Amino acid sequence: IKTTNDMPIVAPPSFDALNFIPFQINPHYLHGNPPGHNGETREQRILEFLEVNQKITVVGLREGSVLEINENNIQLIGEKEIRIFKYQQEFYELKVGADFNFLMK
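Heads up, this note's numbering is the position in the sequence shown plus 43, with the first residue counted as 1.
Be aware that a few hints might be false.
Computed list of lysine-lysine pairs in DSBU-like fashion (alpha-carbon distance at most 30 angstroms, straight line) [said to hold, decoys possible]: (1) K123 - K138; (2) K138 - K148; (3) K148 - K98; (4) K98 - K129; (5) K148 - K123; (6) K129 - K148; (7) K123 - K98; (8) K138 - K98.
Across the chosen pairs, the derived CB separations fall in these ranges [unchecked claim]: (9) F63 - G121: 37 to 43 angstroms; (10) G79 - N115: 27 to 33 angstroms; (11) N96 - L137: 19 to 25 angstroms; (12) N115 - P78: 23 to 29 angstroms; (13) G140 - E94: 29 to 35 angstroms; (14) E114 - A60: 14 to 20 angstroms; (15) L137 - T84: 16 to 22 angstroms; (16) Q97 - D59: 28 to 34 angstroms; (17) I112 - D59: 18 to 24 angstroms; (18) I64 - K123: 30 to 36 angstroms.
Bear in mind the hints are in silico, worked out from the structure with no lab data behind them. Keep in mind the model is a prediction, meaning the values are calculated, not measured. Ideal Cβ positions, reconstructed from N, Cα and C, are used throughout, including at glycine.
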């Protein structure tokens, strides 16, 4: 909820959520700029977020992909990779079938 793609017009009392997962999801993640878009990229926004929230992992979840979580087991469903962002580390991508359980730690 902290890496929302649409900034609220009115500041909510908090960005606290249900705390089911110890990482942030950036839904509908899109790498680069779509034609006609002249603003910040998702990547730039996430990197700015990590400057302030250095201990949080952000998962860029592309359109049509889903993370299914059962207890501490995570599985990526869909055909597109996810992108993992951590403070001062190169981002990297993981495909369906990879081990995602590190995200729950």
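Quick rundown of the hints versus the structure:
1. K123 - K138: 7 angstroms, holds
2. K138 - K148: 19 angstroms, holds
3. K148 - K98: 12 angstroms, holds
4. K98 - K129: Holds, at about 8 angstroms.
5. K148 - K123: Satisfied, since the Cα-Cα distance of roughly 23 angstroms is no more than 30 angstroms.
6. K129 - K148: Judged against 30 angstroms, a Cα distance of about 14 angstroms means the pair holds.
7. K123 - K98: 26 angstroms, holds
8. K138 - K98: Between K138 and K98 the Cα gap is close to 23 angstroms, so the pair holds against 30 angstroms.
9. F63 - G121: 37 to 43 angstroms: Once the Cβ atoms are compared, 20 angstroms apart, the range 37 to 43 angstroms for G121 and F63 is violated.
10. G79 - N115: 27 to 33 angstroms: For N115 against G79, whose Cβ atoms are near 42 angstroms apart, the range 27 to 33 angstroms is violated.
11. N96 - L137: 19 to 25 angstroms: 21 angstroms, holds
12. N115 - P78: 23 to 29 angstroms: 41 angstroms, violated
13. G140 - E94: 29 to 35 angstroms: Roughly 32 angstroms apart at Cβ, these two residues keep to the hinted range, so it holds.
14. E114 - A60: 14 to 20 angstroms: About 19 angstroms separates the Cβ atoms of E114 and A60, which means 14 to 20 angstroms holds.
15. L137 - T84: 16 to 22 angstroms: 20 angstroms, holds
16. Q97 - D59: 28 to 34 angstroms: 19 angstroms, violated
17. I112 - D59: 18 to 24 angstroms: 19 angstroms, holds
18. I64 - K123: 30 to 36 angstroms: 19 angstroms, violated
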